[in-house]
Each structure stands twice: as C-alpha cells, then as structure tokens.
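Starting from the given sequences, assemble the full structure and let the hints guide the process.
Protein chains: 2
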Amino acid sequence: MPEAIDPHLAGPLADYADLRDVELRKSLEAEHGLFIAEGEKVIRRAVAAGYPVRSVLLTPRWAEPLADLLDTLEGRVHIVDDAVVEGLTGFQVHRGALAAMERLPLPSVEEILSGRASFPERAAPEPGIRPRRVLVLEDLVDHGNVGAIFRCAAALGVEAVVLSPRCADPLYRRSVKVSMGAVFAIPYARMTDWYAGLAELREAGFQTLALTPDQSATPLDRVDMADRVALLLGSEGDGLSSRWLREADEPVCIPMSPTAMGLGVDSLNVVAAAAIACHGLMRAG
Amino acid sequence: MPEAIDPHLAGPLADYADLRDVELRKSLEAEHGLFIAEGEKVIRRAVAAGYPVRSVLLTPRWAEPLADLLDTLEGRVHIVDDAVVEGLTGFQVHRGALAAMERLPLPSVEEILSGRASFPERAAPEPGIRPRRVLVLEDLVDHGNVGAIFRCAAALGVEAVVLSPRCADPLYRRSVKVSMGAVFAIPYARMTDWYAGLAELREAGFQTLALTPDQSATPLDRVDMADRVALLLGSEGDGLSSRWLREADEPVCIPMSPTAMGLGVDSLNVVAAAAIACHGLMRAG
Numbered sequence: 001m002p003e004a005i006d007p008h009l010a011g012p013l014a015d016y017a018d019l020r021d022v023e024l025r026k027s028l029e030a031e032h033g034l035f036i037a038e039g040e041k042v043i044r045r046a047v048a049a050g051y052p053v054r055s056v057l058l059t060p061r062w063a064e065p066l067a068d069l070l071d072t073l074e075g076r077v078h079i080v081d082d083a084v085v086e087g088l089t090g091f092q093v094h095r096g097a098l099a100a101m102e103r104l105p106l107p108s109v110e111e112i113l114s115g116r117a118s119f120p121e122r123a124a125p126e127p128g129i130r131p132r133r134v135l136v137l138e139d140l141v142d143h144g145n146v147g148a149i150f151r152c153a154a155a156l157g158v159e160a161v162v163l164s165p166r167c168a169d170p171l172y173r174r175s176v177k178v179s180m181g182a183v184f185a186i187p188y189a190r191m192t193d194w195y196a197g198l199a200e201l202r203e204a205g206f207q208t209l210a211l212t213p214d215q216s217a218t219p220l221d222r223v224d225m226a227d228r229v230a231l232l233l234g235s236e237g238d239g240l241s242s243r244w245l246r247e248a249d250e251p252v253c254i255p256m257s258p259t260a261m262g263l264g265v266d267s268l269n270v271v272a273a274a275a276i277a278c279h280g281l282m283r284a285g
Numbered sequence: 001m002p003e004a005i006d007p008h009l010a011g012p013l014a015d016y017a018d019l020r021d022v023e024l025r026k027s028l029e030a031e032h033g034l035f036i037a038e039g040e041k042v043i044r045r046a047v048a049a050g051y052p053v054r055s056v057l058l059t060p061r062w063a064e065p066l067a068d069l070l071d072t073l074e075g076r077v078h079i080v081d082d083a084v085v086e087g088l089t090g091f092q093v094h095r096g097a098l099a100a101m102e103r104l105p106l107p108s109v110e111e112i113l114s115g116r117a118s119f120p121e122r123a124a125p126e127p128g129i130r131p132r133r134v135l136v137l138e139d140l141v142d143h144g145n146v147g148a149i150f151r152c153a154a155a156l157g158v159e160a161v162v163l164s165p166r167c168a169d170p171l172y173r174r175s176v177k178v179s180m181g182a183v184f185a186i187p188y189a190r191m192t193d194w195y196a197g198l199a200e201l202r203e204a205g206f207q208t209l210a211l212t213p214d215q216s217a218t219p220l221d222r223v224d225m226a227d228r229v230a231l232l233l234g235s236e237g238d239g240l241s242s243r244w245l246r247e248a249d250e251p252v253c254i255p256m257s258p259t260a261m262g263l264g265v266d267s268l269n270v271v272a273a274a275a276i277a278c279h280g281l282m283r284a285g
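Chains A and B, in that order, give the protein sequences. The numbers in UniProt numbering rise by one with no breaks, and the one at position 190 of the first sequence is 190. The numbers in UniProt numbering rise by one with no breaks, and the one at position 114 of the second sequence is 114.
What the hints contain is simulated information worked out from the structure, not anything from laboratory work. A couple of the hints might just be wrong.
Just so you know, same-sequence chains aren't split out, so a pair can sit in one copy or run between any two.
[Claimed, not checked] Here are the simulated DMTMM-like cross-link-like pairs (lysine to aspartate or glutamate), alpha carbons at most 25 Å apart as the crow flies: (1) K41 to D214; (2) K41 to D238; (3) K41 to E200; (4) K26 to E126; (5) K41 to E236; (6) K26 to E64; (7) K41 to D82; (8) K177 to D68; (9) K41 to D266; (10) K41 to D142; (11) K177 to D266.
Just so you know, these numbers come straight off a predicted model, no measurement behind them.
And the structure:
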C-alpha cells in the first residue's frame with residue numbers, strides 16, 4: 001500500500017499527481033504550463049532540447065546515474081521511496097525518475113514551415129533551413145500513437161510535424177515516453193484554424209498528399225513528388241476528414257495484399273502506415 | 001464497485017478470470033487450452049478461422065448484434081451486466097463481448113514452410129501453397145507488438161510467421177486484440193529448437209535476412225532477394241541474438257536520417273521496423 005505523503009512535499013510535488021488520470025493531467029498541465037518526462041534518457045533529452053526543469057522526483061537508486069544533472073538543480077530534487085512515488089502518481093514508475101518540465105511557447109505553423117523558428121529551439125534542422133518533408137496529423141486521439149509517429153518521423157528524416165487543432169498533445173507524458181524523446185528532436189507547431197490549415201500549406205509551396213486506405217488512390221511510391229511535400233495522416237478510427245481528403249492535392253495509399261483484404265485484414269494501424277509513409281518520403285529524397 | 005458474482009456462473013466463467021494478470025492468464029490458458037477473443041469483429045474472425053467456442057460472455061446490449069452467432073451456442077452464452085464483467089475480468093471491457101475459444105494444435109515449422117498445413121486451418125494462403133515471404137520473430141516479449149506485427153504482416157502479404165521458442169503468444173488476449181484478428185489470417189508455427197531454427201529455414205531454401213539497426217548493413221531495398229525470403233526480427237530491447245545475426249545470410253537495415261541519429265533518435269520501434277520491412281518484402285515481389 002502507498003504510504004502517506006509528507007505534507008511538506010505537497011507544493012512542488014503536486015506537479016506529479018495522478019499521472020494516469022488523463023483528464024486531470026490535461027487541465028493541470030495546461031494551467032501550470034508543465035509536462036512530465038519519465039526515465040533518465042528522456043529527461044536528459046528534454047533538458048538538452050532546452051526545456052527548463054521545474055523539479056525532479058526520483059527513487060534513491062537513480063540519484064547516482066543522474067548526479068551530474070541533479071547537481072545543477074539545487075532545491076528542486078526530491079528523492080523519495082517507491083511507495084511515495086506510487087502514492088503520488090498512482091502507479092509504479094518503472095523507470096524510477098520523473099521530471100516536471102516547463103512548457104515553452106509554440107511557434108506558429110508559418111514560422112515552422114519557413115524555417116524561421118524551430119521548436120523546441122534545439123530541435124533539428126537548424127532554424128533557417130526550410131523543411132521539405134512534413135507530416136500533418138489530423139485529430140489523432142491516442143498519445144502513444146502520436147509519440148510513436150514522432151519517433152518514426154525523426155528517425156526517417158521528416159523535418160517538421162504540423163498538428164491539427166484537436167490532435168493529441170506531443171508533450172503528454174505517454175507521447176513523450178513512447179517517442180523516446182523524439183518529440184524534442186523534430187520541430188512542430190499546431191494549426192489554429194482547421195478549415196484554413198491546408199491552404200496555408202499550399203501557400204507555402206507544399207504538395208499535400210492525403211494518406212488513405214482506399215486502394216484506388218495512387219500508391220505512395222508512384223507519386224511524382226514535388227520539392228516540398230506534406231503528408232496528411234488521419235485519426236485512428238475514421239482516417240482523414242472528408243474535407244481534407246477532398247482538399248488535398250492527391251490521395252495516396254499503401255498497397256495491401258489482396259489475399260489479406262479477402263480475410264478482412266484491410267488496413268494498417270496508423271503507426272505502421274506512418275512508418276511506411278515516412279520511409280517512402282525519405283526514399284523519394 | 002463490482003458486484004458479487006453469482007456462484008452458479010463460476011464454472012464456465014472461470015475462463016474469464018483476472019484478464020489483466022498476465023502470469024495467471026498464461027498458466028490458466030495453457031492448462032485449459034483456451035484463449036480470449038474480445039469484441040464482435042475479433043470474435044467473428046476467430047469463429048470463421050475454425051476455433052471452437054467454449055463460451056461467450058457479454059453485456060445485454062451486445063446480444064442483438066451477435067444474435068446469429070449466439071443462436072448456435074446453446075448453453076454457452078452468458079449475458080451479465082457491466083459490473084459482473086468488471087468483477088470477473090478485473091477491468092472495464094469496452095467492447096462488451098468476450099469469447100473463450102479452444103486452442104488448436106499448432107503444426108510444425110516444417111509443415112508451415114512446406115505448405116502442407118496452415119494454422120489456423122482457414123488462414124491464407126491455402127494449404128498446398130508454399131509461402132515465399134516469411135517473418136521470424138525472436139523472443140519478442142510484448143503481446144501488443146506481436147499482435148501489431150501480425151496485422152502488418154497479414155496486410156502486406158507476408159505468407160507465414162515463425163516464432164522462436166520464447167516469443168510471446170499470438171493468441172494472448174492483447175495480441176489477438178491489437179492484431180484485429182490478423183493472428184487468425186496468417187499461418188504460423190513455433191520453433192522447438194532455437195539453435196537449429198535458422199538451419200531449418202535454410203534447408204527449406206529460405207534466404208535469411210537479419211534486420212538490425214546497424215547502419216553498416218545492406219539497406220533492405222538494395223538486397224538481391226531470393227525466391228524464398230525469411231526476415232528475422234529481434235526482441236524489443238536487445239534486437240536479434242548475436243547467434244542469429246551471425247548465422248543469417250545477410251544483415252539488413254532500414255536507413256535512418258543522419259540528422260536524427262545525431263540527436264539520439266537512432267532506432268525505430270520493432271512494429272515500425274516490421275511495417276517498413278514487410279512493405280519492402282512486398283515491393284520486391
């Protein structure tokens with residue numbers, strides 16, 4: 001059973017409350033402008049990307065591996081035992097170290113697409129380099145999927161990500177964790193206007209490709225790609241909205257096995273589709 | 001709070017106990033030769049694949065959509081309310097219908113590779129057709145990953161899957177669920193001998209390709225593929241064993257972005273890698 005928490009810890013440690021309660025966390029993180037990084041590697045990547053540390057919460061065995069970082073965080077380090085972490089966060093934290101980080105202001109889509117800003121500041125590519133390969137995520141709801149897609153995108157050379165207004169948050173704990181910190185490695189911005197979103201991409205000179213399971217669309221590896229390409233990925237259940245499908249320059253698909261379709265296995269999950277699509281964008285150069 | 005369970009239900013309903021307790025479920029399912037299918041679509045696919053139904057447990061609102069199936073299952077249908085399902089299984093079952101299915105005897109690797117058997121019997125391709133594109137999964141531990149890889153494999157025309165002796169079970173509830181039933185659509189078998197496993201593939205005429213994050217390996221899409229290809233995928237943390245890497249005909253990689261590698265995003269997760277690899281196998285024909 002979790003132990004009672006020392007009331008003196010309640011102040012800064014309130015940042016770590018009930019990490020499994022998605023609704024509570026969404027409002028708490030928005031209100032206080034924070035996010036949670038979990039595990040040594042991810043915490044180090046968040047710090048390296050330039051996010052300020054509000055505090056670190058860890059069990060004693062993580063004090064040594066993180067010593068160099070902790071030395072810079074006087075008064076913001078809380079070493080407590082497993083039961084306290086569990087009592088506070090609501091689950092067993094296997095990676096034994098959590099950091100509450102400050103969010104930073106997001107740049108606009110226009111700033112990201114023009115290369116005038118990067119986000120976070122130390123993400124690749126350097127500010128000033130205009131991204132040529134961009135993913136656009138429309139209304140994904142699953143934080144794990146958003147994180148996994150950032151990991152694919154970063155590993156496979158996608159240079160920026162644009163989120164629809166309602167797309168799940170890349171800095172939510174689970175997104176950050178599943179991405180292995182790739183949300184700190186690739187610049188992103190969020191549209192403020194879903195209706196005008198694709199128009200802004202076209203005005204910036206992007207060819208917009210709408211990924212669909214519809215097998216009558218052009219296979220992705222037969223598309224004649226422009227210098228700047230934005231690949232649109234839709235939500236887990238319904239795929240892209242009909243508006244975006246209609247408005248995009250071209251619907252594109254990943255060819256499926258006809259045998260599998262006969263057996264009802266007629267689509268890939270969004271992460272698998274994103275992985276293949278990012279690989280296709282990189283092959284096309 | 002979950003309600004007390006009617007003791008008259010205890011017999012057949014013991015199949016559904018504590019679905020989140022992985023260790024308990026593993027021994028219970030092995031001992032009784034059963035597995036759990038969750039949700040209307042997946043249950044129908046399990047039945048269509050030829051697995052016998054032990055029983056179905058559902059909430060009242062699922063009786064109507066499943067009526068045609070339930071009519072064939074006299075005495076094996078248990079309609080109970082949400083609280084009873086939650087009390088029994090240990091969690092809220094969002095898809096409202098669970099089926100306990102009989103496992104069937106697995107064929108041997110040799111039978112699968114020669115096309116003399118399919119598993120389950122009604123998976124594609126038809127028995128008699130020798131598979132040319134095969135995935136081999138070494139010691140994957142995460143059931144969700146196994147399910148997601150089956151889904152990719154089935155959708156992208158991989159014709160059989162071979163599991164290492166210690167690889168996670170494709171019929172575990174979470175594998176089945178994440179696969180969306182693809183574990184019923186693609187034949188598979190489990191090696192009995194890890195040491196001799198690759199020799200058996202070679203004897204059957206398969207070129208063995210070992211997927212590795214090592215960027216000095218041949219990029220997958222530059223490999224000169226033989227008529228029969230077996231792609232080896234390693235476990236989530238450590239990748240392929242050094243023995244299999246050494247013994248395979250060729251190490252192959254998915255090229256990563258050099259920029260991302262500089263930022264520490266130096267690998268794909270196993271599902272993303274599998275998706276790209278299956279797509280590559282299909283492209284190579």
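Okay, the hints, checked on the actual structure:
When the C-alpha separation of K41 and D214 is checked against a cutoff of 25 Å, the pair qualifies only between copies, where the shortest distance is 20 Å, while the shortest distance within a copy is 39 Å. Taking the shortest alpha-carbon separations for K41 and D238, only the inter-copy value of 16 Å comes in at or below 25 Å, while the best intra-copy value is 34 Å. Neither within a single protomer nor between protomers do K41 and E200 lie at most 25 Å apart by alpha-carbon distance, with minima of 36 Å and 40 Å respectively. When the C-alpha separation of K26 and E126 is checked against a cutoff of 25 Å, the pair qualifies neither within a copy, at 30 Å, nor between copies, at 50 Å.
Taking the closest pair of Cα atoms, K41 and E236 come within 25 Å of each other only across two copies (17 Å); inside a single copy the shortest separation is 29 Å, beyond that limit. For a Cα distance limit of 25 Å, the shortest separation of K26 from E64 qualifies neither inside one copy, at 32 Å, nor across copies, at 37 Å. For a Cα distance limit of 25 Å, the shortest separation of K41 from D82 inside one copy, 20 Å, qualifies, whereas the shortest one across copies, 41 Å, does not. Taking identical chains as interchangeable, the C-alpha atoms of K177 and D68 lie at most 25 Å apart only when both belong to the same chain, with a minimum of 22 Å there against 43 Å between chains.
Within a single copy, K41 and D266 get their C-alpha atoms only as close as 37 Å, which misses the 25 Å cut-off; across copies the closest is 13 Å, which meets it. Both within a single protomer and between protomers do K41 and D142 lie at most 25 Å apart by alpha-carbon distance, with minima of 23 Å and 21 Å respectively. Taking the shortest Cα distances, K177 and D266 sit within 25 Å of each other only across copies (15 Å), while inside one copy they are farther apart (29 Å).
Hint check: violations occur at hints 3, 4, 6; the rest are consistent with the structure.
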